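Each chain is listed here by its residues.
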Amino acid sequence: MAKGSKRTKHQKDVLKDWMKEQMAAPTFRPDLIKEQELYDQSAEFLGLFVDAAQSGNLTDIQAPEWTKVREMLAELSRSRAERGFTSSDTAIFVFSLKQPIFNRLRLEVGEDPDVFADEMWVATVLLDKLALYTAETYQKRREAVIMRQQQEILELSTPVVKLWEGILAVPMIGTLDSARTQVVMETLLKRIMETGSTIAIIDITGVPAVDTLVAQHLLKTVSAARLMGADCIISGISPQIAQTIVTLGVELADIITKATMADALSVAMERRGLSVVPAQ
Amino acid sequence: MERIPILKMGEFLLITIQVDMHDRLALALQDDLTERIIQTGARGVLIDISSLDVVDSFTGRLLGNIAAMSRLLDAETVVVGMQPAVAMTLVELGLSLEGVRTALNVEKGMEALKSSLEPGTKESKNGRGREKG
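Note that the protein sequences, when read in sequence, are chains S and F. Everything in the first sequence is counted per our numbering, starting at -6 for the first residue and increasing by one. Everything in the second sequence is counted per our numbering, starting at 74 for the first residue and increasing by one.
These are computed hints drawn from the structure, not numbers from a lab. Treat the hints with caution; some may be incorrect.
As the list claims (entries may be wrong) - Keeping only pairs whose Cα atoms sit at most 35 Å apart, straight-line, the calculated DSBU-like set for lysine-lysine is:
1) S:122 / S:183
2) S:251 / F:187
3) F:81 / S:183
4) S:251 / F:81
5) S:91 / S:5
6) S:183 / F:187
Unchecked claim - If you only want the chain F side, here are some residues facing chain S, beta carbon under 8 Å, derived:
7) 113
8) 153
9) 169
10) 170
11) 172
12) 179
13) 181
Quantities reported herein were computed from a predicted structural model and do not represent experimental measurements. Backbone N, C-alpha and C fix where the C-beta goes; we use that ideal spot for every residue, glycine too.
Chain S with its partners taken away, still in its complex shape (with noise of 0.2 Å):
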């Protein structure tokens, strides 16, 4: 009882101490934590942290003595990632224990040099440990939001407009590589039978290069368009592109291309035996 009572008390003075040198350390953020969430958590790991170490475990943060103490750590970055912290604010935050630790070893075994320097380098190999683990959790959690933003441009950035009555035209944006053509290609096709439209127009404006591969990705979208029941006309190719796509000699031979949409939506009309006519 004496000792539990003893040990609760380091505890408070190790926390005591660990709050100080958070909130004086350059990257405490009171704008995005406030004082008593930051204490409510720095206590709650502390005392995660001293009933994993009373395990006598204190090499491997793997094993499942530590697993409340990671699964702590892992909410804490990823709260942290969502509000905005750096990584290294969020490391900080086992770093800044070292310190207060230290303290209190000096004072249990300070006398023993070789014992004192022992439990040192027991320490910091732990808190270095727990730390990077806080580190890579914040990162898989970035990870996963780039990933997402990743997938919604993907999306974003194939559409497929109506353009007349049996007509269809997909506005490319940015670079063609073989994941966005896959979508293009399937919001098309998809497109395609739901509008009974027989003509698409595929726009190439906003698409920076054409190599070989794009072409080859441009081919088989019209390949496929035209086992459906389609005709693809491919527009708005730029000077350099025209130039890049005959130097590179890639075959387009066999498919409509137009400069502009403009031109490739008259064509388009005429096919469908439609005419624009002035208004009177």
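Place chain F on chain S using the hints.
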């Protein structure tokens, strides 16, 4: 043995494939069709594959062969109603069925056949053959 029915509609033949094509069935279709074209003197063949979800390379090639054979017998072939997934698979397999006319549905395919049979109009509004557009 099960067979795919071939329906006569005026001067065209209509084939609707509603079961999964296996190789023997496909070959039987090829036999039956060539025979029917001779018998009926059909000028056009419509193959509706809108209910096929899977087309393998054999079936894909066979469609191309049927079209070539029909052309020898003076009948134009139009493959209609190909599903997006099937179209993508065939393109990935390198089978873009050059020389086979295509249309979105039976109605459009019929129009395409009719307009190609009319004297003077080589190119139809819908569906495109070997000729350059």
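Status of the hints after comparison with the structure:
| no. | hint | in the structure |
| --- | --- | --- |
| 1 | S:122 / S:183 | violated, 51 Å |
| 2 | S:251 / F:187 | holds, 30 Å |
| 3 | F:81 / S:183 | holds, 31 Å |
| 4 | S:251 / F:81 | violated, 41 Å |
| 5 | S:91 / S:5 | holds, 15 Å |
| 6 | S:183 / F:187 | holds, 27 Å |
| 7 | 113 | violated, 25 Å |
| 8 | 153 | holds, 6 Å |
| 9 | 169 | holds, 4 Å |
| 10 | 170 | holds, 6 Å |
| 11 | 172 | violated, 11 Å |
| 12 | 179 | violated, 11 Å |
| 13 | 181 | holds, 7 Å |
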